[in-house]
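As you go down the protein sequences, you meet chains L, Y and X in turn.
All residue numbers for the first sequence refer to this note's numbering, where the first residue is 1 and numbers rise by one.
All residue numbers for the second sequence refer to this note's numbering, where the first residue is 81 and numbers rise by one.
All residue numbers for the third sequence refer to this note's numbering, where the first residue is 823 and numbers rise by one.
In case anyone wonders, no lab produced these hints; they're calculated from the structure.
Incorrect hints may appear among the rest.
Claimed, not checked - When the alpha-carbon atoms are kept at most 25 Å apart in a straight line, the in silico SDA-like pairs for lysine to any residue are as follows:
| # | chain 1 | residue 1 | chain 2 | residue 2 |
| --- | --- | --- | --- | --- |
| 1 | X | K898 | L | V77 |
| 2 | L | K40 | X | G917 |
| 3 | Y | K537 | X | K898 |
| 4 | Y | K235 | L | F14 |
| 5 | L | K40 | Y | K537 |
| 6 | L | K22 | Y | M228 |
Everything numeric in this text was worked out from a predicted model, so none of it was measured.
The residues making up each chain are set out below.
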Amino acid sequence: MKVRIFVTYKQSVFDPQGETIKDAIHTLGHEEVEAVTVGKFFDVTFADGASDVETSVKQIADQLLVNFNMETYDYQVMGD
Amino acid sequence: MKQAMTPEEIKAQKPYLDWSLSEREYNYIADTLLHRLPNYTETGLYSAMWSEHCSYKKSKPVLRLFPNKNARVLQGPGEGAGVVDIDDGQAVVFKAESHNHPSTVEPYQGAATGVGGILRDIFSMGARPIASLDSLHFGELSDPKMRMKVQNTVKGIGDYGNCMGIPTVAGETTFDPCYSGNLLVNAMSVGLMDQDQLQKGVANGVGNAVMYVGAKTGRDGIHGATFASADFSDEHATQRSAVQVGDPFMEKLLMEACLKLIQEHPDWLVGIQDMGAAGIVSSSAEMATEGGAGMELNLDLVPQREPNMSAYEIMLSESQERMLLCVVKGHEADVQKIFEDFDLAAVVIGRITDGHDYVLHHDGQVVCNIPVTTLTEDVLEEESEEREPARLAAARQAAAWLPEITDAGATLRQLLAQSTVADKSIFFEQYDSMVQTATVVGPGSDAGVLRVRGTKKGLAMTTDGNGRFVYLDPEIGGKLAVAEAAANIVASGAQPLAITDCLNYGDPTDPEIFWELHHSVLGMAAACRAFDTPVISGNVSLYNENNGQAIHPTPMIGMVGLIRDLAHVIPMAAQHAGDLVYLIGHTGNDFAGSELQKMLTGEISGALNDFDLAATAATQRQLLAAMEAGHVASAHDLAEGGLGVALAEALFKTDLGFKLGLKDMPAAQLFAESPARFIVTVPASHQMAFEAALGTAARQIGEVTASHWLQATLKDGQLNENVATLQTTWEEAIPCQLKSKA
Amino acid sequence: MKIAVIVFPGSNCDRDLFNAVNDLGGVAEFVSHRATSLAGYSAVLIPGGFSYGDYLRAGAIARFAPVMTEVIRLAKAGYPVFGTCNGFQILTEAGLLPGALKQNLSQRFVCKTVALEVTNNRTPFTSHYQAHQRIDLPIAHADGCFFADQETLDRLEDNGQVAFRYAGENPNGSLNNIAGVTNAAGNVLGMMPHPERAVAAVLGNTNGQPLFESLFATLQEAH
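Could you put the whole structure together from the sequences, leaning on the hints where they help?
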């Protein structure tokens, strides 16, 4: 089973890359774009039959993938 | 694995033509070298090893013109890097390499892996890399796409070198439309070692192990070597996929492990070589040739990142961060243990054999069995046609271009904002220039200077390449390139030792381009003799073209110099009010190829005036002696933008000024680029001694003042500029262009 | 009184820290990231570089190295623990220091010499500086923008945990111009600038020397 974990800055944290990309999008003519957030995602593939995958995902995110001083995360079960 | 084609099909269908092996070469291999038809794998190996990139078959006759020995040279061209004696049992190791084609395709990875490759050449010799330099030539910054390429190239160089912990201490960045379709990214690395730890790329001793260490092999960069030897055109855009991806973290581990092995257990090791262009085949074949040995490899043992790779792909992959070792039989496990400590796998992939055959096994079959020297030494050298470019004769006939300058100050301000002249700190501040805590003089000066820990010595280093002059006159331009590098080294108080080069040219099958190569090498070789700076390493990059449009012929000179006592390192900037200002060298109407000509006319044209190499070298020796005797406070070499720009640069980041009398100099000559000139400041108390040392070569032109103004009385006017304003113009030009949204 | 310089895979200022300590009269030894004991060491220095390639986040993987258990033990026991650049990032990731280091506001790596103010000279690492002394030190980093939530920032300021502040240009966008912070107890210091690059006159800057001299004096007193 594959789980995609998304890590982004918390909303309160300034995201300079997102701002720069938003400016670039505006120069392309897409003035309607109001905000861009940059993050990263991790595709984590679990062995067939692994149990309690969501608990594992939370532990992996909490202990390694996310720095809660500035980041937050979400995840999505992608299936096989 | 089955071969993709039978030998007979290869002979009939000639797939090798697409791999840049000619029919004449194929027939020679089959009829004269092998007396049989080569199979698919063998044909692929030949086409890579016989490419210009690996064999130098076209450029070799020209490269022989370079001097490459003197009393200090311990290792000349032919190894990973050249090695020069710097006394006390120590040696400096250096080499430059071009990564133009990969950087043009993918500037970030191309530049990064360029740095990675040259660093491996240095540490494979047993030296710890202590500095990186670069020479970058881009199209104009007014093109938004070029701005992206510039920033990605700089980021690529920085990300790799910074992660490795190698300071980038000097370099050059220029801009000209001729590079817009084909960037030049040349990287140089300098290492330091004890002479008794010198390693070579050699493999011999029957039964000794061939070991593979570092990253796994994937399909990246297959045919990079032949790819680097063919020109770019849009119709081949789909072939531009041979991009290697760098992993500087892996390389850092690889470097530490290799240096530990070399320094602590040299007796376990026969030889070591980087897997560079044409990957396993070139490193293994070169090592076996050097050792006069045969070699048998089992490709199934090669660590692979992707499934189902063919023998041909495994052998030609240019995956980065890999090294090949020849290890004394019985020490395989010891070597493995060293690499394991750095979380790296070292794998025995073959053995040294009796005789001279190069045998490859894959999937239970022998896929290659050929005499090893047929890959390395039997390459057919090519005689190239050459013809003087028509533009040179025309330039000799035409009247020389003479600028009219009415406002010297305005011209100076405008020149300082030209991107080739303007402040490059927005680029070089992205490079860690201070790690290893040896950087005495960092980027932005004539040369970078490093201390040699535990001694009084220093090493000065620079890269220089001015394609404009070589374009206008290959031979004089070649001389100028070496003279300019030597001037940068001397200006920092160092004695020039030796050079490395990257010879960047267009398609050598064009007789005019081969003529450029040949004659610029003649000029460089003459200058190398005059300055006693042999060529100890380097590379050749041909086919730098885009849609048939060649770059300016741009040989890049990387030079290293020795400072005997760091107490006499000479800064570029003026030091004290009241010091006397001297101009060394003759100023004439040298405007052909100048930054001023480019700025005012939009192009370069005209013929160059020749200059006396022996006299230039003699003056440099006199200046160095005066520096070592403590008579010189600062020195700056004159380059793009001439005296005017050099004077301003010598005042930037100080609170000083100059008051100069140049009553016989017309304003225009402030910006002439006459060769072999310096501005030097001398404490008044050393006036007599300095003048005695330099004789008529130096002429006092004024003094350093406490007011921050650049003032000069000229033949036809006055220069009266606030230095702070000049500095702002110079500093803001490039950041401002990079921010531009148009 | 031996000082441990921890070497992670990818550390590249380890030799510089080692040389700075030894050149100034201290005794430094390299300690591998695999070490499971720091017994016998009086202080711990964590060097700059790119531990584990800075993959994931700068410092995020180094904190799982075996030696970090011991570093945390010593820090909690009050031993001086110092991290510069990547070492600072590791100490925040390990939770020994507050806040986090974000990518520079410019989104570029930056290497230059910057002006700093010694904000707190009552730490084991800064006692040989004058209060509010202006110094220049080199920086070289891509992720040096100090970030903490407002509550944490207020607490740091109130407790005097800000040891160094950028005094001229703020080169990376750090909140409150913070260049270096200590833990609440004051025995753990992290800073983005590199004092070990400023201890030799031949390189033109000795402003980093007092930091090492402060540490040596602290260790003398403790002894």
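Verification of the hints:
1. K898/X - V77/L: Given pair K898/X, V77/L is violated - Cα atoms ~40 Å apart, limit 25 Å.
2. K40/L - G917/X: Holds: K40/L and G917/X sit about 22 Å apart, inside 25 Å.
3. K537/Y - K898/X: Violated. K537/Y to K898/X sits at ~45 Å, over the 25 Å cutoff.
4. K235/Y - F14/L: At roughly 23 Å apart (the allowed maximum being 25 Å), F14/L and K235/Y satisfy the hint.
5. K40/L - K537/Y: Cα-Cα ~48 Å, so violated.
6. K22/L - M228/Y: holds, 17 Å
Against the hints set out earlier in the document, violations occur for numbers 1, 3, 5.
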